[in-house]
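Trainee: So the protein lines, in turn, are chains A and E.
Numbering follows full-length UniProt numbering, with no gaps: position 329 of the first sequence is 329.
Numbering follows full-length UniProt numbering, with no gaps: position 42 of the second sequence is 42.
FYI, nobody ran anything at the bench for these hints, they're computed from the structure.
Glycine included, each C-beta is placed from N, C-alpha and C at the ideal position.
Treat each hint with caution, since some may be false.
Claimed, not checked - So the derived label-pair ranges between C-beta atoms look like this:
1) A/A190 <-> E/E245: 33 to 39 Å
2) E/G54 <-> A/A190: 22 to 28 Å
3) A/S414 <-> E/G179: 33 to 39 Å
4) E/A228 <-> A/V291: 27 to 33 Å
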Amino acid sequence: MSTTIAGVFFVLSLVLFVALAYRWFGDYIFRVVSGTRHSAVERVLYRLVGVNPAGEQTWPVYARSVFAFSLLSLLFLYGFLRLQSKLPLSLGFPGMSPHQGWNTAASFVTNTNWQSYAGESTLGHLVQMSGLAVQNFVSAAVGIAVSVAFVRGFARSRTQALGNFWVDLTRITLRVLLPVSVVAAIVLIAGGVVQNLSGGTDVTTLTGGTQHIPGGPVASQEVIKELGTNGGGFYNANSAHPFENPTPWTNWIEIFLILLIPFAMPRVFGRMVGDKRQGHAILAVMVILAVTSVILVNTFELLHNGTVPTAVHAATEGKEVRFGVSDSATFAAATTLTSTGAVNSFLDSYTALGGMVPMVNMMLGEVAPGGVGSGLYGILMLAVITVFVAGLMVGRTPEYLGKKISAREIKFASIYFLITPVTVLIGMAATMSTKYRETMLNVGPHGFSEVLYAFTSAANNNGSAFAGITVNDQWWDTATGLCMVIGRFLPMVFVLALAGSLARQRPVPASAGTLPTHRPLFIGMVVGVVIILVALTFLPALALGPLAEGL
Amino acid sequence: MRLPNWLGQHLAAFRAVLVFTVLLGIAYPLLLVGIGLLPGLHHRASGSLLSSGGRDVGSSLIGQSFVDADGNGIPRYFQSRPSAAGDGYDPTASGASNLGPESVEDTDGSPSLLTQVCARSLAVGALNGVDGRRPFCTADGVGAVLRVFRRDGLTGPATRAVSVNQPAPATPFVESFEGVRVENAVPGEDYSGGVLTPVRGDAPANPAVPPDAVTASGSGLDPHITPAYAALQLPRVARERGATEAAIQRLVDDNTAGRSVGFMGGKRVNVVRLNLALDDEFPVR
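Take the sequences, apply the hints, and build the full model.
Mentor: So, in structure tokens, the structure goes:
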């Protein structure tokens, strides 16, 4: 079987299993977030946290709960990272510096998992498993909770109530994330991913040298890193490291875990608004964008254009033999289409255009399918903008799922969309116009791409990198930390505000003039709006970086 | 006593962080550590260690260097891929080179990716007795790259050409370019006014030295090479070990894995296991 055909089968098998998961896992998540019966364990947790599971929250209260939880998580994790040397299992590593501690805490609490540190030489096991991995779970649950509250805004009418954040957080964590993680972790251990508390084993190699074989609770962190679209590697090399991703089939499982929840969320949406076709339409938008992107990265990497790839006769720099070029490219597309940011090959060494596609994936706003939860509310915001644009064309008040999109709603949606590009471009401009641009590893357009990628990744909460730049200094840690926090929490305010505004409305009956939002016309329009908005926003910056290098 | 709402939320948040830390940060990973102790999983959960003569000699998943103190490949061992992890295959510093596809111009103290590829190709070719030439590489193993100065900046006739990766006393890889004599680079001089022009040369497009032999992996710990690179090295190892090629081929086959499920990943040879088997069956005194 040729390399290309094998790569095609790899993608098709993922598509097949994700399609099955859309149906079954989507229905399962729907039952979790709409159920009202609580298990004994959940009731104990509610009592420990001190909340009443029956109490529904208005949008400002829901938002305050999200922010209170995230703020406390941030402070707790920051303290953990700073005080590491005083804690057990630190492996002798010192605490993090203040700026790196801020960056890392912000990064994991915002579901970004940008890493300005190298895991194996910076962090002990306790901080990884009890600090970082906990945020891998709960930051993912926060994203899903907010998206569910948003959909309740569409599904409910004449109410202020959007659900209870603490209940959503607990149920999603215990019933969705934890069971899948336990099962998948056991599978990964069987594949060779390590799971122990050892500080490592010193061995004498075959040639008489020494080698330190690391240990760590890796499998437990690896699964939730993918399932929660987090992406922060236990080791510096992330999912390229043989102890995180030892075989071609663990690679398949990790990609599947990345795609599992984001692609199931449109089903949850369809079920919640009581019209599965609406979920199919949103899924179709995601699939069109995702499949296009997977094909493009694969094509560019297999064609291996560029001086060095031509000299090598393949784009194998930064890629592992066990995965091969094609499955590495598919991973790169999956990780940037979602907000994961894990890598199994190093994007800085990709061909110019092959490396541009992951960047564009993030610039799409992480909506195809995006991060867990954040992808769904992101694409629904774009759908709102689309019905507005469609409404302008025919000159009538737009509506979506029976809710009027008036001035107030469209303002929320527009500001939501603008936050990320503004953050990216300001951060980018500030870096390039000051001495901090000297932190680039490569020179010329490729160096520009590194900086553009870094800010795009931070503000979109992806966390992958053109890893060449030196990001562990005060400027980068502070600036990208701010971008991550702004890019995560400010949009959430507008998502929840819009949800509150929609939930209060009484539904408008569909009429002959209503744009049906489950037909191919609408699907095509949303795809068009996504691409046009991104092109208008980022084309000038792309022209100076990857386009200048690749054409 | 009733707390104001904002304070109540933060108290609940504080308690939630603690509760989830205990549940997800202690109980969950320790459960899996426990499962990892079960027979059948224990070997893998603790790092797939390989032992020989009663002591640990590495992990079957983590690659090793098979070079001497000067960095030259030891001929009796199959060679691993180049590595960007520390000084090579250092698991305390996993990582990639992060050099881009147009990293073609050497700077002080750090060779470009192109030059690294060219130098490796030449060395691997010499070690295995094949042609190590590649496109865009000079005969002395650096990137064949000119800075061409033109009359009108980016256009117009060439006025000066410098072979940027070849300081004196190297002989420039071409004598002249568009009628201008090619100069050696002078270290420290600024050539940024010239147009960067890689020169393809006449090396075959598909060189004898395979791609994985000249490029570093993403982790720097890749334990595998392609069957093509193993085949290239096989005659040399057989000669050094005083064994027949068929005997060595059998060991290579034993340590070759196909694609998972028939279509996932690539066919690959585990270098660490292969060399361990070689030392067991065909020791060199």
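Trainee: Give me the numbers of the hints this structure contradicts, sorted from smallest to largest.
Mentor: 3
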